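Given only the sequences and the hints, what does the whole structure look like? Please build it.
In the order they appear, the protein sequences are chains A and B.
First residue of the first sequence: 2, per the numbering used here; consecutive thereafter.
First residue of the second sequence: 30, per the numbering used here; consecutive thereafter.
These are computed hints drawn from the structure, not numbers from a lab.
Check each hint, because a few of them may be wrong.
No more than 27 Å apart at the CA atoms, straight line, and that leaves these computed lysine-lysine pairs for DSSO-like [stated by the list, open to error]:
#, chain 1, residue 1, chain 2, residue 2
1, B, Lys95, A, Lys143
2, B, Lys101, A, Lys143
3, A, Lys194, B, Lys95
4, A, Lys339, A, Lys194
5, B, Lys101, A, Lys133
6, A, Lys190, B, Lys90
7, A, Lys312, B, Lys91
8, A, Lys197, B, Lys91
9, A, Lys312, B, Lys90
10, A, Lys207, A, Lys197
11, B, Lys95, A, Lys190
12, B, Lys125, B, Lys165
13, B, Lys187, B, Lys159
14, B, Lys91, A, Lys143
15, A, Lys293, A, Lys358
16, B, Lys101, A, Lys190
17, A, Lys133, B, Lys95
18, A, Lys312, B, Lys101
19, A, Lys312, B, Lys95
Just so we're clear, the structure is a prediction, and the values are computed from it rather than from any experiment.
The primary structure of each chain is shown beneath.
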Amino acid sequence: MKLSGSEIIIQFLQDEGVEYLFGYPGGAVLHIYDELYKQNKIKHILVRHEQGATHAADGYARATGKPGVVLVTSGPGATNAVTGIATAYMDSIPMVIITGQVATQYIGSDAFQEVDSVGITRPCVKHNFLVKRLEDMAETLKKAFYIATTGRPGPVVVDIPKDVTAPNIKIDYQYPDQVFMRSYNPTVKGHPKQAKRAVDLILSAKRPMIYTGGGVILSHAEQELIEFTQHLGYPITNTLMGLGSYPGSDKQFLGMLGMHGTYEANMAMHECDVLIAIGARFDDRVTGDTEKFCPHAQIIHIDIDPSSISKNIRVDVPIVGDVKTVLSGFNEELKSRKEKPDQKALAKWWDQIGKWKAEDCLQYDRNSSLIKPQLVIEKLYEVTGGDAFVTSDVGQHQMFAAQFYKFNKTRRWINSGGLGTMGFGLPAAMGVQLAFPNEKVACVTGEASIQMCIQELSTCMQYELPIKIVTLNNRYMGMVRQWQEFIYESRYSHSYMEALPDFVKLAESYGHIGIQIDKPSDVEDALKEAFDKYKNRLVFLNFITDQSENVYPMIMTGQGHHEMYLSSASRGLA
Amino acid sequence: MRHIISILLENESGALSRVAGLFTARGYNIESLTVAPTEDATLSRITLVTSGSEEVIEQIKKQLNKLVDVVKLVDLTEGEHIEREMMMIKVRTNGKDREEVRRLADIFRGRIIDVTDSTYTIELTGNGAKLDAFIKALTAPILETVRSGVAGILRGEKALHT
Ligand SMILES: Cc1cc2nc3c(=O)[nH]c(=O)nc-3n(C[C@H](O)[C@H](O)[C@H](O)COP(=O)(O)OP(=O)(O)OC[C@H]3O[C@@H](n4cnc5c(N)ncnc54)[C@H](O)[C@@H]3O)c2cc1C
Ligand SMILES: Cc1ncc(C[n+]2csc(CCOP(=O)(O)OP(=O)(O)O)c2C)c(N)n1
Ligand SMILES: [Mg+2]
Numbered sequence: 002m003k004l005s006g007s008e009i010i011i012q013f014l015q016d017e018g019v020e021y022l023f024g025y026p027g028g029a030v031l032h033i034y035d036e037l038y039k040q041n042k043i044k045h046i047l048v049r050h051e052q053g054a055t056h057a058a059d060g061y062a063r064a065t066g067k068p069g070v071v072l073v074t075s076g077p078g079a080t081n082a083v084t085g086i087a088t089a090y091m092d093s094i095p096m097v098i099i100t101g102q103v104a105t106q107y108i109g110s111d112a113f114q115e116v117d118s119v120g121i122t123r124p125c126v127k128h129n130f131l132v133k134r135l136e137d138m139a140e141t142l143k144k145a146f147y148i149a150t151t152g153r154p155g156p157v158v159v160d161i162p163k164d165v166t167a168p169n170i171k172i173d174y175q176y177p178d179q180v181f182m183r184s185y186n187p188t189v190k191g192h193p194k195q196a197k198r199a200v201d202l203i204l205s206a207k208r209p210m211i212y213t214g215g216g217v218i219l220s221h222a223e224q225e226l227i228e229f230t231q232h233l234g235y236p237i238t239n240t241l242m243g244l245g246s247y248p249g250s251d252k253q254f255l256g257m258l259g260m261h262g263t264y265e266a267n268m269a270m271h272e273c274d275v276l277i278a279i280g281a282r283f284d285d286r287v288t289g290d291t292e293k294f295c296p297h298a299q300i301i302h303i304d305i306d307p308s309s310i311s312k313n314i315r316v317d318v319p320i321v322g323d324v325k326t327v328l329s330g331f332n333e334e335l336k337s338r339k340e341k342p343d344q345k346a347l348a349k350w351w352d353q354i355g356k357w358k359a360e361d362c363l364q365y366d367r368n369s370s371l372i373k374p375q376l377v378i379e380k381l382y383e384v385t386g387g388d389a390f391v392t393s394d395v396g397q398h399q400m401f402a403a404q405f406y407k408f409n410k411t412r413r414w415i416n417s418g419g420l421g422t423m424g425f426g427l428p429a430a431m432g433v434q435l436a437f438p439n440e441k442v443a444c445v446t447g448e449a450s451i452q453m454c455i456q457e458l459s460t461c462m463q464y465e466l467p468i469k470i471v472t473l474n475n476r477y478m479g480m481v482r483q484w485q486e487f488i489y490e491s492r493y494s495h496s497y498m499e500a501l502p503d504f505v506k507l508a509e510s511y512g513h514i515g516i517q518i519d520k521p522s523d524v525e526d527a528l529k530e531a532f533d534k535y536k537n538r539l540v541f542l543n544f545i546t547d548q549s550e551n552v553y554p555m556i557m558t559g560q561g562h563h564e565m566y567l568s569s570a571s572r573g574l575a
Numbered sequence: 030m031r032h033i034i035s036i037l038l039e040n041e042s043g044a045l046s047r048v049a050g051l052f053t054a055r056g057y058n059i060e061s062l063t064v065a066p067t068e069d070a071t072l073s074r075i076t077l078v079t080s081g082s083e084e085v086i087e088q089i090k091k092q093l094n095k096l097v098d099v100v101k102l103v104d105l106t107e108g109e110h111i112e113r114e115m116m117m118i119k120v121r122t123n124g125k126d127r128e129e130v131r132r133l134a135d136i137f138r139g140r141i142i143d144v145t146d147s148t149y150t151i152e153l154t155g156n157g158a159k160l161d162a163f164i165k166a167l168t169a170p171i172l173e174t175v176r177s178g179v180a181g182i183l184r185g186e187k188a189l190h191t
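Below is the structure:
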């Protein structure tokens, strides 16, 4: 079959099983867009800003486990996409981003809409390519998908000059089923000797703790993790990126750990004698002061990326491998062993954890006459039966969602953890809703974050995406205000959101439903109305919340897990 | 500690900038870096001299290995190895220093590769310390120095190949 570059791109994406292409046209990709026009297998989603395309593809990838695919033009199209690429990179999300480029003979001449896309994206991609020859097109695209989805996943950029996509130059095309790359072989198995050592250590623990992260989800290892954890009866905590990989309402689950983690999770980290870290990368939001991190623990760490191991914290038993493979090995090994964990020690340990739990660190004023942000999330959880997809932006609302929505299912909590990208929530929700048209999708956001990609309300209209936007409107960049309150003696420098739009009217002007909620007693009804009466519509819920609410617990920079603030009254109590 | 890392790299455009970019992006120290194709035209070989604590060196090696274009690498300083650097140095030579410079070049097993009425250009190969010693021993004014950076190889049977 003889095809042009553009035809190869489209045919390849079809052969690769790509469902959605999130994109925005421009000069350098017009040949490709012309091919898109002639087919109907791949659904192209026209966003309103290239950042939206990348976040939407990212949301799609997080919810489905399949790579998200983006098509943007050269120059400003590519630079607009960079924030979304970096967001995916920091959270190890598989994506393939096709960027148009000026024709090969113009590269380097400061041609119209030329930027060095490969150079600009190099530090925030897993890998990138410039396709200089038509003969390399199919194989390069295959390599891009292969690299993006294997090992530690990540975004891959394929930069394609316009002349390589010209309709009149055709070559033979065959879908490359496989690629071989001598320089790229991710390790998956894990070393058997290390696994034995790890299991010995796991069984010898008196005060064990399981700490898991996004790697469990990326590895599709939720079942193995549940089996492992429940077989042992050990306490477990998740990072922000790991929420949902272990059922949030299970009794062994201690909640999230880290800067805004629960008292019980952080204290158990501090006091444990064996820490089992699984697909988590000891981020500074998790460890606090590394000098004070898990002072009594021997640490086992499973991670597919050798560079994640002993990067921030030195570990005792490193295991390089895929979580799913390694954990199923552990589970086999555990079943075959006669020795069992020390039940007496374990009972004592659970007793201690029970005492920490009794602190009830997530309590808030339920009798307030103002809408507490926590209340909105609790009600969201109830009204959606706990199984909605919840995307989030970045700020206090993100932390409240992480703390108060008990994610029992995997891939339902979709947020930007590593880069912390405001503007992520709405476009990500579009990707999720497209992947799951019949599921409930909520975007929890703040009045500042939502304005960073608000233009996508138009995309939502075009594709009739019935997302529920849950805005916790505190008229502040709340997370910034909180830091300014704690660290800068309440000098609220430029963290006040002045001149806010009327969000109800704004939503309406885009053809959606807008509802404003001012009283705590109206919270539940408004949510029900949104999810029931307006099931098939996008609803913008503007909750006017308590301006002064802060996120607790909080570990300040330079503090250890045992040095949390639990409330404003007791700042420094713990 | 000083480490010499040898890398086999896909000979692709942009591959070198991935290596160099990694060092700037992560704040690693780079003393010298040499790169040239090998007998296999699809592969380049880099010799990279860096220094840092054991933890940092371990991260450097892991991060380098993670680059998709890196085929293989070895830390030469972990075993027996040979390192060489080539230098060309141009000195001003008038009257009687000419003899002196020539003798010094001989002692260091250097070669005079270009001569004018008032200059000598000397080629010298060795490890870094030897080149430094030569520069120090020269009394004639130096007009220009160019050093290739370190190239290194493992001793004996061991070899870095695909
Ligand atoms: C405002 C704000 C506040 C935050 N507060 C907190 C907080 O309180 N607590 C918290 O936890 N986080 C918090 N974060 C998030 C934090 O910044 C990090 O993004 C997060 O902690 C990283 O999660 P993780 O360790 O699970 O790593 P991820 O980024 O999910 O990385 C996954 C790890 O798993 C590995 N991996 C991938 N695939 C596999 C596989 N197949 N097999 C084995 N390993 C694999 C990867 O190599 C990587 O090391 C906050 C973020 C923001 C924006
Ligand atoms: C693109 C971007 N710019 C700046 C920041 C820094 N930042 C983190 S949270 C935050 C405030 C978010 O305000 P809002 O969306 O209203 O959420 P709230 O904290 O009030 O819930 C800011 C500015 C960021 N994370 N992302
Ligand atoms: Mg706000």
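| query | Which numbered hints are broken by the structure, listed smallest first? | reply | The structure conflicts with no hint, since it agrees with every one listed earlier.
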